[in-house]
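Start from chain U and add chain E according to the hints.
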Amino acid sequence: MDGRVTISGLEKVYGQGAERTKAIEDLNFEVDGGEFVSVVGPSGCGKSTLLYLIAGFLDATEGTISVDGDPINGPGTDRGVVFQDYALFPWRTVYENVTYGLEEDGVPKDERQNIAQKYIDMVDLDGFEDKYPKELSGGMKQRVGIARTLAYEPKILLMDEPFGALDQPLRESLQDQLLDIWSDLGKTALFITHDVEEAVYLSERVLIMTRHPGTKKTVAEIDLDRSGSREEIVTSDDFAHFKNDVWKSLHEETQTEVTL
Amino acid sequence: MLPTPVQGVVNTIVDWIPLGIVVLVWELVSGGIVATDVLPAPATVGAEIVGLFVSGEVFSHLFISLFRVGVGLGLSILVGVLLGVGMARSDPVENFFDIFLSMTYPIPKTALVPLAILWLGVGTKTAILIVFLACLLPIVLNANNAAENVDQNLVWAAQMMGTDERSILYKIVFPATIPEIMTGVRQAVPIAFIALVSAELIASNAGMGYLILTSGQIGNYPTMFANIVIISAVAFVAVRAFEEARGRLLVWT
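The listed protein sequences correspond, in order, to chains U and E.
Under the working numbering, the first residue of the first sequence carries the number 1, and numbering increases by one thereafter.
Under the working numbering, the first residue of the second sequence carries the number 261, and numbering increases by one thereafter.
Hint data in this document are derived by calculation from the structure and do not stem from the laboratory.
All values derive from a computational prediction rather than experimental measurement.
Mixed in with the good hints there might be a few duds.
Stated by the list, open to error - Pairs of lysine-lysine residues, derived as PhoX-like cross-links and limited to a Cα-Cα distance of at most 25 Å, are as follows:
no., chain 1, residue 1, chain 2, residue 2
1, U, K217, U, K22
2, U, K217, U, K243
3, U, K118, U, K134
4, U, K22, U, K216
5, U, K216, U, K243
6, U, K134, E, K385
7, U, K131, E, K431
8, U, K118, U, K131
9, E, K385, U, K109
If we strip away everything but chain U, and leave its shape as in the complex, we get:
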């Protein structure tokens, strides 16, 4: 399946001279096409930096990132970011936000309309097409953010703590919506979070990163039976077991932080 991300020998250094800080060091990792992978790590481990490097917003100091074997060179429409603070264009309505990528791609107007409506419906925002972002709640804004990114059909979804600012019930409903969309559309998903439960619930694999400078500590395979309801999944023994594994591994890293 398309949408494989290969990260090899990745290093990112910010600043120069005495100000020099290494955010990411010698990171090697591969996300398969169509796979859902979460990234967790102590704060300051460079997980957002990693996402922005894959997005092409930042340049790597060393190493390469490839999509389906081709090294990336800046941002591209094969990848789509869902931002933590939504980053909607405030001067555009919901509809105009969702069609932005299609306009840039030169899709004809009536076709844009159909595609936009499909994704607006998918995130349950029909009826809100003509609202401006300021008129929406946080959860609705993020659904617009997701629809905007899905609309131009990138192969890879890069999500930077997209539900971080939302309360628990809303997070859970958006997580389930995201899972439905992901399994329907068959996209590669890379999901940054600091919430272990969220990572385990959503992902097939969880990449746990070390403290500063960030690199791969370990990768947890989350081999869960996902056929049941959310309640059945999160109360299962397997879920508890995977959650404990990831938590312990992450906790070792935060412990080092405290003892230092």
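Quick look at chain E alone, frame taken from chain U:
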């Protein structure tokens, strides 16, 4: 709680009370503490205003003043936005204009009228130049500040959807800075009228400033007061009209 339309009328009346008090005090002082020949009563000035409009002699002056304000302000918006956004996006442009703007900032622009007369002569060009210079800085500063602080995520969001570097400027940076440009223009509108009248008092053969000066010189104080009231009212209406237009344009903020 009163019904909304009634509440609106009450609010409007309350808003105008301070002005009513001023007119009342003016009425009491005129012919009392101060002689009517140097401080004509509000009723006299009111009648004079009506007379000026009925005879039609004020229209040509009002028109020329509005033309000067409009052109001067329009040019300052055009140049101010280009300069402010340009300085934020390009270091050479910023380095070149920064020192120039810092140095000219403290100069009252009306102090340049004599120099402007020397270059452009007495009349419309000088008035426009002074209005332009006086309005330029608030617009440059607001546009520049906004363009420097455009949310990086908005720029990235556009780039990931295929917007190239050059289009970012008018598709993202420009719309993102419009609210602050409007704030700059809002500051510039009253400044424009101040600069206009100042320039016309010194360097003009027409316009409201010229009318104020000449009627004062011949001792026709009711006419002088009438013209001061007219231009003040016009400036007030201009500010309100701009705010109304801004509100409609920026529904998304």
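Non-conforming hints, listed in increasing numerical order: 6 and 9
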